[in-house]
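The listed protein sequences derive, respectively, from chains A and B.
In this text, residue positions in the first sequence follow the numbering used here: the first is 1, and each later residue adds one.
In this text, residue positions in the second sequence follow the numbering used here: the first is 1, and each later residue adds one.
Derived by calculation from the structure, the hints in this document are not laboratory data.
None of these values were measured; they are calculated from a predicted model.
There could be a bad hint or two in this list.
Unchecked claim - In silico lysine-lysine, DSS-like type, Cα no more than 30 Å apart, as pairs:
(1) A:K54 with A:K160
(2) A:K167 with A:K181
(3) B:K44 with B:K86
(4) A:K181 with B:K86
(5) A:K160 with B:K13
(6) B:K44 with B:K13
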Amino acid sequence: MGAESTLRNRFERGLAAPICLTWELTYACNLACTHCLSSSGRRDPRELTTNEAKALIDEIAAMQIFYVNVGGGEPMIRRDFFELIEHAVNQHVGVKFSTNGTRIDRDAAKRLAGIDYLDIQISIDGADASTSDRIRGVGSYDAARRAMDNLRNANFGQFKISVVMTKESVEQLDDFETLAKTYGAELRLTRLRPSGRGVEVWNELHPTLEQNRGLYQWLLARPNVLTGDSFFHLSALGSPLEGLNLCGAGRVVCLIDPVGDVYACPFVIHDEFLAGNVRGEGFAAVWTSSELFRSLREPGNPGACASCGSFDACRGGCMAAKFFTGLEMSDPDPECVFGHGEAALAAKHVSIRPRSSPDHSRRVPVTLSSR
Amino acid sequence: MSLTKVDAFDASKYWQLSDMVSLRDEEFGALAYHHVNRRLVFLKSRELVDVVRRLGDFESADDAITALVAPDQHDRYVAALVTLEKSALISGR
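Here chain A stands alone, though its shape is the one from the complex (with noise of 0.2 Å):
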C-alpha cells in the first residue's frame, strides 16, 4: 500500500510522456448523441491533414506513447482512417478506437480483422434500442448491433462494448453483461460527464448517490469489467476499483482535438485547460513545458476535501466534473459519495455552468437512415 501510493505520488507530478492519449480524429459525427463530450457533429475545416496526422504519429511513436484513443465525432467517417490506423500500428503505437459502429460494414470488419494492435470500442447507452436510442438517436442501436455482428462474422476477436452510466442504463448492468458474453466481448462503463453537451443533460441523467453506491459493488465484484479508471471518485466507499484511481489529466493522459488543440484530458474541451497546439511547438514541447500541464503536476490543494477520511482514497474526484458542474477545483466531486458534492452545489446561490468552449453541433436533427 506504502509503496503504491508513492507511485501514485510520482504518477501526480506528471511522466516523461503520456501512457495513453485520446486523440478526436475528427469533429463529424453522423449521430448527435445527447451527452456527447466533444459536442461533435460538423466537421471542422481546420482539421488536421493526413499529412500532418501521419506526422503526429510519428512524434506519438518517438515518445513511446504506448497507445491511442481515437474517437471524435465518429474517426471513420474521416476518409484516411484506415491509412492513419496503419501508420500507428506499424510503429507499434496501439489504438483503440471508438465508434458508432454505423461504417463497420461486412468489408470494414474483414478490413479491421487483419489489424493487429488494435481495439475497438462500439458505443451503446442502453440495453435495448429505445433506452439507447433516447440518447445516441434513433436507429443507433440497431447499427451498433449490425458492427458488432459484421465483427464476430469476420473473426475479428474480442472488440469492447462501451456503456456510459446513466441513470437508465446503470440499471441494465446484468443485461450488458449478458450481451458481452453473447459476443465473447469485453464490457467496458464510463461515468457520464457534464461536459460538452453533456452539461445540457448531466443533471437530469446522471446516477443518483444509490445508484453509485450499487454500480460499485457491481464493479467490484467484477475486476474484468473495464472502466479506464472512470470510478475513482467511487473509490471512497471502500477497497479501490482497479487502476490508478486518481485524476491523469495533464499528468499520465490528455487530448488532442481534430484541430491539434492539446487539452489536459478528454472531458475539458475548454479554453480554461487548453495547452497548447501540436501544429506550432509540437505535441512533445507542449506535453513537457505548457505552463498549465506544469500546474497541474504541482501537489493539489485538498481543499473542502481536507477533513475527510476518504481524500487518499478519490482525491477530490474529477476535475471536469467539478468544473462544468460551477464547482471550484477546491469543492467535492459533483457526486462525491458522500453527498459533499450535492451539498455544495446546493450552497451556491449562482451557479456558473461553463460550456465547452468550441462547439462543432450539428443545427438540425439528426435521422440514421437504416440500410
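Chain A is already provided as a structure; the job is to place chain B on it using the hints.
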C-alpha cells in the same frame, strides 16, 4: 503472434525482454507495455530496468543478475523476474 508460454520462469535459462513489449524510462524506473495482452507494468527501480534491458546479453537470468546486482539482492531480482514472466514481459528462447 502467439501468447503461448513455453515454460515457467527458470533463472538458469536464457531470458530476454519480449519483442512485444515497449519499455519507456521514467523518473521512478520504467513503464512497460505489452502490445498483445495490453498490460501496463511498472518497474519501480532503475536497477531492475537495467537487468531487464540487458537480460538477453547473458546466457542465463542468473548470469545477468550476478553480473549486474549485489549478491544479497539476487533473490529479490529473481522474484521480480518471476512476476515479469507471468505478465509475459520477458520470454525464453
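Comparing the hints with the structure gives:
1. A:K54 with A:K160: Answer holds: A:K54 to A:K160 is near 26 Å, not above 30 Å.
2. A:K167 with A:K181: Since the Cα atoms of A:K167 and A:K181 sit roughly 23 Å apart, the hinted pair holds (cutoff 30 Å).
3. B:K44 with B:K86: Cα-Cα ~17 Å, so holds.
4. A:K181 with B:K86: Holds, at about 26 Å.
5. A:K160 with B:K13: Given pair A:K160, B:K13 is violated - Cα atoms ~38 Å apart, limit 30 Å.
6. B:K44 with B:K13: 24 Å, holds
This entry does not satisfy hint 5, going by the numbered hints stated previously; all others are met.
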